[in-house]
Amino acid sequence: MNPKLAQKIAFSLLFLVTLIIILPVLMIVFVIVKEGASAITWEFLFTAPKDGMRAGGIFPAIIGTLSIVLCAVAVTLPMGVMAAIYLNEYAKENLLTRIIKLSIVNLAGVPSVVYGLFGLAVFVMFLKMGVSIIAGALTLSIMELPVIITTSRNALNSVPQSFREASLSLGVSKWQTIRHVVLPNALPGIMTGAILSIARISGETAPILFTAAAFYVPHLPRSIFDQVMALPYHLYIISTQIPNMPKNITYGTALVLLVLVLAMSVSAISMRIYFRKKKKW
Amino acid sequence: MVDKIIAKDLNCWFGKACSVKGLNLSVHSNEILGIIGPSNSGKTTFLRMINRLNELSNNFKYDGSLMLDGVDLKQIDTETLRKRCGMVFALPLPLPMSIYENVGYGPLRHGIKSKKYIDEIVEKSLKAASLWDEVKDRLDSSAMKLSGGQQQRLCIARTLAVEPEVILYDEPCSGLDPISTAKVEEAMVELKKKYTIILVTNNVKQASRVSDRTAFFLMGEMVEIGKTADIFLSPKDKRTEGYIMGRYG
Amino acid sequence: MFSRKVTDSIIEKLIFASGIAAILLVSLIFFFLLREGLGFFSEYSIKDFITGHFWYPTSKPAAFGILSLIMGSLFVTLGAAVIAVPVGVMAAFYISEVAPVSVRDVLKSGIELLAAIPSVVIGFIGMVTLVPLVRVMFDIPTGLSAFSGSLMLAFMAMPTIVSISEDAIRSVPWTYKEAALSLGATKWQTMYRIVLPAAAPGILAAVMLGIGRVIGETMAVMMITGNAAAIPESIFDPVRTMTATIAAEMGETVKGSMHYKGLFAIGLVLFVITFIINFIADTFLNRVKK
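Residue numbers (this note's numbering), protein chains in the order written: chain A, 2 to 282; chain B, 8 to 256; chain C, 794 to 1083.
I should point out that these hints are in silico values taken from the structure, not numbers from a laboratory.
Errors might be hidden in some of the hints.
Unchecked claim - Result set (DSSO-like, lysine-lysine): computed pairs, CA atoms no more than 27 angstroms apart in a straight line:
#1 B:K120 with C:K798
#2 A:K129 with C:K1048
#3 B:K68 with C:K806
#4 C:K901 with A:K9
#5 A:K93 with B:K68
#6 B:K152 with A:K280
#7 C:K806 with A:K278
#8 B:K123 with A:K93
#9 A:K280 with B:K143
#10 B:K201 with A:K102
#11 A:K175 with B:K143
#12 C:K970 with A:K5
#13 A:K279 with B:K152
#14 B:K81 with C:K798
#15 A:K93 with C:K901
#16 B:K23 with B:K123
#17 B:K201 with A:K279
#18 A:K9 with C:K980
#19 A:K102 with C:K806
#20 A:K35 with C:K901
#21 A:K93 with C:K1048
#22 A:K9 with C:K798
#23 A:K175 with B:K120
#24 C:K980 with B:K122
#25 B:K81 with A:K93
#26 C:K806 with B:K81
#27 B:K123 with C:K806
Using the sequences and the hints, build the whole thing.
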């Protein structure tokens, strides 16, 4: 076959295949918005479910998810970033460090349901926290730690070594160099990674299944030791466990969850594009 | 003549590779000592030993002694040492901040809080690096927007701002055009009055133009050292002569 | 000067402590899984566990054979890989080598958004759109089958496969391509004769990581594959995966019972499988970097 023609056919094929991936994404968003938009009312967003979930709103689930996620972020973000600083800036390059780095990379791939088991064994049972916001949040934060550490390390690593040398050569101390030269330049990368992580844990179900989520709690959480409803778990329940569920409530719940997660992801992605264009080095 | 820096029987290694062998050398106060030699001759390694930047590498080791004003470097706290021995790198290395922030960065980190005082330091340092007139109206614009030569002089100003005693130049003009090079050299000669300067360079002519004494390094060893005129006009060692004449490089 | 030293050393100690704590916490996972899982194996033989056909955790006597669950995971994963690997790698080629720059950014962002959609949302959409479609198209009693699960999972593995393959393709040195193009090869010939082999280790890593993602997926699988704990005979049979078993049953177990420990043992198996997969992928990726 004529190589020019072969190329044309091949490229069109590649294009079509790429569409196969992208179109369903648009379709999912479109279907959920179309079917779910009618459910979105003040009542839906700000009241508790009624009639065995078949009416009313999803307010407790929204608050539950927000509280779990906020607690998780408060733990995982500072810890992850500090661990990344330690590994990237302070740790000596030796066998132990290599093993640690390798385990962190690999732990990022462990299934979320396994983290759920871990949270159940450690936080719920061993530390006797019970099924609670704090147990779920800690489970999610442990799950997200490897991801935060990895993305933060990449961001720190992308700051040129020469910047560090320039600062150190002025007699500026190591920590000041990290604080005033390395961190400001790594911050956009760390933040994008962090926001994407927050988006991810907001949508996770398996890790909170046996550590935090409750089928139905009519009131809002009073402390971090309460069980809560959570959006992703609520969506799972109403779409699989409850017969004769009004369609628009299920779609509406999916829509709220999707908007929450995609809003964060979109802002993280645009932030990254913005900083990449603005990058000075 | 006071010896500012004295190296005695200095050897150093990166892993197994020995990069400086049996070095004995003294640098006088207020002179420009030029160090010439082909690449991998250990001249930059020696320079980075003085402000202990080599020690950022895990596998760096050295023995022998290196003294500043008669005190062994190991006795001096790293930050103080680096403040006293400023460095200008081969490539201009402005930090990604404004011109003003670059120069003010050192003093600010060393704990000077008065804005007025830092303003003064910035102006004084930029003037000493012959950059002031070119940038005085745009101190707040990004240092990354300056030309290569201006960036390099900015780095000199940044080094001067922490008031060092010694300035270590590591091939400071390797990326610059002739006009910028002339300006950097001009600033260097001007600075000699106040500072002790070590200039590592690949450019033999540059050493002959600005340095008072010149040392020739080859494969980690110092072959010879002497008054610049003597080294260039009547080198004692055949290898020095060969290098200066451009037979190898 | 003195105060700077003190602040620095306090902060550095804090960083050190955090780093160590994070690392310890993470290594705790393995310890606790092992503790609960090994408790199970002291009472039930590993051989019966892995090769037993029947998972009847609440019968008397109970049976804890996970072969059907392993087969369920295997069916769904292989099915997903067969679809996702060629599609994902082709898309990666399109994005990195063919698409114009402006289109590339849009496509990459789109794929990243796909990665962000929660699996429970994908599971829900699969239930209401894909499952009925599969039932009608293939005329089977229920659309809740390994096949539907594979389709959905292929889709969910896409972001991993595409983005990591794309990195691998882009890291092929420009000089390779230049050499081929200067000899008169077309862009397409250069792509599959030069770039594909050069990027192969990275693409392999991408495939491994994609498969790791698929094996570990829980919610969407639980909602779509029908959850029948029997060894499937065809791709259109309902299956139950290891992940779905844990998720579906853990809520109802008595804490500390054999059933509870058995689920931890499944977790341990999953942990080991995914750890090995990631380890291999990481080895490939490191080879690419060199």
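Hint by hint, here is what the structure shows:
no.	hint	result
1	B:K120 with C:K798	holds, 17 angstroms
2	A:K129 with C:K1048	holds, 13 angstroms
3	B:K68 with C:K806	holds, 26 angstroms
4	C:K901 with A:K9	holds, 23 angstroms
5	A:K93 with B:K68	holds, 15 angstroms
6	B:K152 with A:K280	holds, 12 angstroms
7	C:K806 with A:K278	violated, 36 angstroms
8	B:K123 with A:K93	violated, 41 angstroms
9	A:K280 with B:K143	holds, 25 angstroms
10	B:K201 with A:K102	violated, 48 angstroms
11	A:K175 with B:K143	violated, 31 angstroms
12	C:K970 with A:K5	holds, 17 angstroms
13	A:K279 with B:K152	holds, 13 angstroms
14	B:K81 with C:K798	holds, 18 angstroms
15	A:K93 with C:K901	violated, 36 angstroms
16	B:K23 with B:K123	violated, 50 angstroms
17	B:K201 with A:K279	violated, 40 angstroms
18	A:K9 with C:K980	holds, 10 angstroms
19	A:K102 with C:K806	holds, 20 angstroms
20	A:K35 with C:K901	holds, 25 angstroms
21	A:K93 with C:K1048	violated, 43 angstroms
22	A:K9 with C:K798	violated, 65 angstroms
23	A:K175 with B:K120	holds, 20 angstroms
24	C:K980 with B:K122	violated, 59 angstroms
25	B:K81 with A:K93	holds, 21 angstroms
26	C:K806 with B:K81	holds, 23 angstroms
27	B:K123 with C:K806	violated, 35 angstroms
In summary, the structure is inconsistent with hints 7, 8, 10, 11, 15, 16, 17, 21, 22, 24 and 27 from the numbered list given earlier, while agreeing with the others.
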